[in-house]
Structures are given as C-alpha cells and as structure tokens.
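S.K.: Let the hints inform the model, and build the full structure from the sequences given.
Residue numbers (my numbering), protein chains in the order written: chain A, 1 to 89; chain B, 1 to 452.
Just to be clear, a hint being listed does not mean it is correct.
[Unchecked claim] Ranges between beta-carbon positions, derived for each pair: (1) B:E230 with A:R76: 16 to 26 Å; (2) A:D58 with B:R16: 21 to 31 Å; (3) A:R59 with B:Q282: 30 to 40 Å; (4) B:V319 with A:H87: 10 to 20 Å; (5) B:D412 with A:R59: 44 to 54 Å; (6) A:A17 with B:G108: 56 to 66 Å; (7) A:R76 with B:G108: 19 to 29 Å.
[What the hints assert, rightly or not] Not the full set, but computed from the structure, chain A residues with beta-carbon under 7 Å of chain B: (8) D32; (9) I33; (10) M44; (11) S54; (12) F57; (13) D58; (14) Q78; (15) R79; (16) D81; (17) I82; (18) F83; (19) A85.
[What the hints assert, rightly or not] Lysine to aspartate or glutamate pairs mimicking DMTMM-like chemistry, simulated, CA-CA at most 25 Å apart: (20) B:K244 with B:D312; (21) B:K244 with A:E66; (22) B:K244 with B:E211; (23) B:K48 with B:D92; (24) B:K121 with B:E292; (25) B:K316 with A:E66; (26) B:K121 with B:E209; (27) B:K245 with A:E66; (28) B:K315 with A:D81; (29) B:K354 with B:E292; (30) A:K51 with B:E6; (31) B:K354 with B:D412; (32) B:K245 with A:E80; (33) B:K396 with B:E431; (34) B:K48 with B:D32; (35) A:K51 with B:E64; (36) B:K315 with B:D374; (37) B:K245 with B:E17; (38) B:K121 with B:E356; (39) B:K244 with A:D11; (40) B:K396 with B:E209.
These are calculated hints, taken from the structure and not from any lab test.
Because the structure is a prediction, the values reported are computed rather than measured.
Glycine included, each C-beta is placed from N, C-alpha and C at the ideal position.
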Amino acid sequence: MHAIVTVIGHDRVGIIAGICVALANINVNVLDISQTILGGMFTMIMLVDIKEASVPFDRIAAALDEVGERLGVNIRIQREDIFNAMHRV
Amino acid sequence: MLNQREIFETQHMIDREHLDIRTITMGVSLRDCAHGDVNIATRKIYDKITRCAERLVSVGEDIEREMGIPIVNKRISVTPMALVAEASETEDYVPFALAMDRAAEACGVNFIGGFSALVQKGFTAGDRRLIAAIPEALATTKYVCSSVNVASTRAGINMDAVRLMGEVIKATAERTADQDGLGCAKLVVFCNAVEDNPFMAGAFHGTGEAECVINVGVSGPGVVYHALKEVRGASIDVVAETVKKTAFKVTRMGQLIAREASMRLNVPFGIVDLSLAPTPAQGDSVARILEEMGLERCGTHGTTAALALLNDAVKKGGVMASSQVGGLSGAFIPVSEDEGMIAAAQAGTLTIDKLEAMTCVCSVGLDMIAVPGDTPAETISAIIADEAAIGMINSKTTAVRIIPAPGKQVGDMVEMGGLLGSAPVMPVHTESSAAFIQRGGRIPAPLNALRN
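M.R.: Structure below.
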C-alpha cells in the first residue's frame, strides 16, 4: 500500500536524513522523492510503501510527527488513494 | 507519480477550502424488529442498530486519519419507524424514539434518522400514532431525527397530513421552547422523499433498500467558491465548466471514502449523494458562490438562475465521478447553516418567497428557516403545501424544516448551535391561509403522474 509523505518547513541540515531514518526504523520503504525550495521553504514529497511497515498507520503518522517537531518542519502522511481519486480518472 | 501541484491542490482544498466528507450514513433495516410487545420490539431495535453500527464511528475515524480528509458526521438511518412500531400493541410511540436515541449514543453517532411516517396518500393507525408522538420524541431525545412524507408526484398531496404537520411543528417548538424550538430543526416534512438520503434530518432507510448499506454525502461549497474566484469576469459557460470540474473532484473523494468504508465494514455501498452542503463556517457557503457569480447579495434578482446553473453543474460533474448516485443530490440552501444566507436574510434581501422560488431549481426546500413564534399552525401548513406543490408538479424532492421560535419576533436570532448554526427570524405573510388548510382532503395526483 502506497502513501504520500509531504514535508514543508524552513530548510536546514538533516531533514531528509531524519525522516528516512525514522521511516527505516519502522520498515517503511521510500520509493521516490522529489524535493525543491519553493519561496525559501523546503518542500518535499515522498512516495512510500507501507505494506511491510512494522507498525499500524497511526503509529507511522505519530513517528513522523515526532521527527517533524524535532526538525521544525510540518510532515503529513496520507494514503496515495486520495490523490489518485481526485486527479486520475 | 503524482506531481507536486496535484498533491498540494488536494491538501489546500482540505486545509483552506473546507473540503470534507460531510457524512457516512449507515442505513439499517428494522423490518425484522416488529413485535407485539413494545418492550421486546424496542430491545430488538436497540440490539440490531448497535450490532450493525458498532464499528461505524471507529472505522470512519481510521479512514479519516489514513486519507487525511475530515469525515464530519457518522450517522445512522433506519426503516421508517411507523412501519416497525405498528405491530406493537401500544398507543405511545415515544419508547421507539428513546430506543433509537440509546442506540445512537452507544454507537457514538451524532444523529439517527427514521422516526418517520410515509403518509402521502393516507394514514394507517400506526402513522397517526407516530406523528402524535413526534413533539414528545424530539423533546426527550438528543440524537433522533424525524420526517414525514406528506405528498408525492404519484399520489398528490395529503392535505390532512399537511394540516396535522403544521400543528406538530408548533407543538414541537413549544416542547423545546427553552432551546428556541430546537426540536423543529430535527423534523422535516417532505414531498417525494427519497429512500437513500444520507443527510439529516430527513434520512431514513427506505423499504426498497437492502438489509444494511453505506451511503455517503459529500460537500464542498468552499472549494467551488475558491475555484470560481479564479475565473472572475469570465462568461457563464466558464462558470459552469469550472463548477463541473470541481464537483467531479469533490465527488471522487466521496466515492473513495464510500468504497473504503463499505469494504472495511463489510456492508454494501449504497450511493454517493452529490451535494453542496454548506456549514456556518466562513468560506463554506452556497450563498457566497452565487454572489461570486456576480450577484451583490444572495436573494436579489438573478439568484434563481445562478442557483439553477450551480445545481445542474454539480450534478453533471458529480455523476461521472461515482458509480452509484442517489439521495438528494443537489445544492442545499439551509438558511441557518450558511453564513452567506444568514447575512442575506438579515439584510432583508433573502425572503421566504425568494427561497421558495429557489427551491424549484435546487435540492430540497425551505430548510432551517426561523419564523416568528406566533406564526399560526395553518400558515406553517400552507408553507408546507406550497413546497409540496412545487415538488409534486416538478417531480422533485421538496421539504420544509421550519422553526416557529417561541417568543421570537422578526429580526431576533435563533441559536441552534454547532452545524445547525443560527437563524434570523424571517417574516411570513400575515394574511390567513386557515380556511384553505382547514378544508382537509387530498390534492389529486397531477396529470404528469400518469406516465404509463
């Protein structure tokens, strides 16, 4: 099952590293990453596979919240289905 | 892979434009709960509802978290209670409402619909007992919603029921006078009621429905409003296309959530109701959409045309986005639940007469309108008759949900709280309709009922 992780916040060292470590710890596989600086803001979208995750969805979200708080960025995880439903016929 | 613009567009709609799923409503048949003993019947009703809907709220919350979209309401609709209660040897149907209320509380839903009777052509003894119980039922329960269908295109208008419902609405207001007549906000009088409506207060689980189904109501006035802001000054064709595209996206959300909920609850998916349901929140108003089209204030000349365009474009956009469309499907115009409607009513631009015209071209009818507490029952009945006539002749659903707020005068505000919002008390015509209403009888089915 795929999910989209979106990250927005002030750029700093270690954002991608911090998030990837947190995801690796709960066996979430990163499939794709696109990252830019938009108007001075760090903006990243990750496609991840949560099928083999070692914890349920709400714990994945909680783990990301914790990293986000530590790094001072906003992280959100949503199932890919919601975006596909809206934008793909 | 999805691109950045698409992902942020969806998130923006949810964060800033009030995109949400308005309701997941589980329809539950209670036809197997009828029993001669009222205590056994009410126990069976409680047991069946709680058994079917036990996981409804928790599954809804799980889906919310995983998809990242709010599901504002989780609700239950049941078989019109008059049909179930009729087998019980009792004159008092209030215990059936109390059983529904206890079941709703146990399941954690915020409304349960179906304390209802269908009397478009005539009353059974059970229908009469249910209607008599409505004021007490709505005053003594928290979650129960009631509806009565008094007319249809095929049957005409039951004017005895219309007269009775004027009295019932007045009595319900009096029984809940300490809350400005709040009971009336949970009571709908229909013409051509639909059997799979997921929206309250008019939801019930029709007799043609399956044992248990999941129906979903979408929303999205805020999203449509923001989309129209982007095409300000463009021709009306562009407006229609923009609404269609937006409605498509909104409805796809509803279809996704409906399918997911249906799968997890192991209950068949019924329908998605293509609706624009406003909330009292700033930026989630149907009236503001009409104003964005170029009207200085909702209710002025041009409002009916703008609403007709909106309603039609919502359906056209939504119908391809869902595999099963049903319910009421159209734009709602509940005055107290729409910030722009409230403002227009306070300014005096939006009147009951104009709202009546608007109900010819959109979903449902005179909805969440507060009128002076001293409005005669016959005047309320006459308002119901007018709405029912519009529904009957145009083969559409119309409804009246009106609050004659005890002790309130034109210009006062009635506070309903929460999603029900607040309503300015609107003037009604003071000339009497009593002699017309007191005639009773039936308005015959119209010529367009003869379709075979």
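S.K.: Determine for every hint whether it applies to the structure shown.
M.R.: Hints versus structure:
{"no.": "1", "hint": "B:E230 with A:R76: 16 to 26 Å", "in the structure": "holds, 25 Å"}
{"no.": "2", "hint": "A:D58 with B:R16: 21 to 31 Å", "in the structure": "holds, 24 Å"}
{"no.": "3", "hint": "A:R59 with B:Q282: 30 to 40 Å", "in the structure": "holds, 35 Å"}
{"no.": "4", "hint": "B:V319 with A:H87: 10 to 20 Å", "in the structure": "holds, 19 Å"}
{"no.": "5", "hint": "B:D412 with A:R59: 44 to 54 Å", "in the structure": "holds, 51 Å"}
{"no.": "6", "hint": "A:A17 with B:G108: 56 to 66 Å", "in the structure": "violated, 41 Å"}
{"no.": "7", "hint": "A:R76 with B:G108: 19 to 29 Å", "in the structure": "holds, 26 Å"}
{"no.": "8", "hint": "D32", "in the structure": "holds, 5 Å"}
{"no.": "9", "hint": "I33", "in the structure": "violated, 10 Å"}
{"no.": "10", "hint": "M44", "in the structure": "violated, 9 Å"}
{"no.": "11", "hint": "S54", "in the structure": "violated, 17 Å"}
{"no.": "12", "hint": "F57", "in the structure": "holds, 5 Å"}
{"no.": "13", "hint": "D58", "in the structure": "holds, 6 Å"}
{"no.": "14", "hint": "Q78", "in the structure": "holds, 4 Å"}
{"no.": "15", "hint": "R79", "in the structure": "holds, 5 Å"}
{"no.": "16", "hint": "D81", "in the structure": "holds, 6 Å"}
{"no.": "17", "hint": "I82", "in the structure": "holds, 4 Å"}
{"no.": "18", "hint": "F83", "in the structure": "holds, 5 Å"}
{"no.": "19", "hint": "A85", "in the structure": "holds, 4 Å"}
{"no.": "20", "hint": "B:K244 with B:D312", "in the structure": "holds, 9 Å"}
{"no.": "21", "hint": "B:K244 with A:E66", "in the structure": "violated, 40 Å"}
{"no.": "22", "hint": "B:K244 with B:E211", "in the structure": "violated, 34 Å"}
{"no.": "23", "hint": "B:K48 with B:D92", "in the structure": "holds, 21 Å"}
{"no.": "24", "hint": "B:K121 with B:E292", "in the structure": "violated, 42 Å"}
{"no.": "25", "hint": "B:K316 with A:E66", "in the structure": "violated, 44 Å"}
{"no.": "26", "hint": "B:K121 with B:E209", "in the structure": "holds, 21 Å"}
{"no.": "27", "hint": "B:K245 with A:E66", "in the structure": "violated, 37 Å"}
{"no.": "28", "hint": "B:K315 with A:D81", "in the structure": "holds, 23 Å"}
{"no.": "29", "hint": "B:K354 with B:E292", "in the structure": "holds, 19 Å"}
{"no.": "30", "hint": "A:K51 with B:E6", "in the structure": "holds, 24 Å"}
{"no.": "31", "hint": "B:K354 with B:D412", "in the structure": "holds, 20 Å"}
{"no.": "32", "hint": "B:K245 with A:E80", "in the structure": "holds, 21 Å"}
{"no.": "33", "hint": "B:K396 with B:E431", "in the structure": "violated, 28 Å"}
{"no.": "34", "hint": "B:K48 with B:D32", "in the structure": "holds, 9 Å"}
{"no.": "35", "hint": "A:K51 with B:E64", "in the structure": "holds, 19 Å"}
{"no.": "36", "hint": "B:K315 with B:D374", "in the structure": "violated, 39 Å"}
{"no.": "37", "hint": "B:K245 with B:E17", "in the structure": "holds, 16 Å"}
{"no.": "38", "hint": "B:K121 with B:E356", "in the structure": "holds, 24 Å"}
{"no.": "39", "hint": "B:K244 with A:D11", "in the structure": "violated, 39 Å"}
{"no.": "40", "hint": "B:K396 with B:E209", "in the structure": "holds, 20 Å"}
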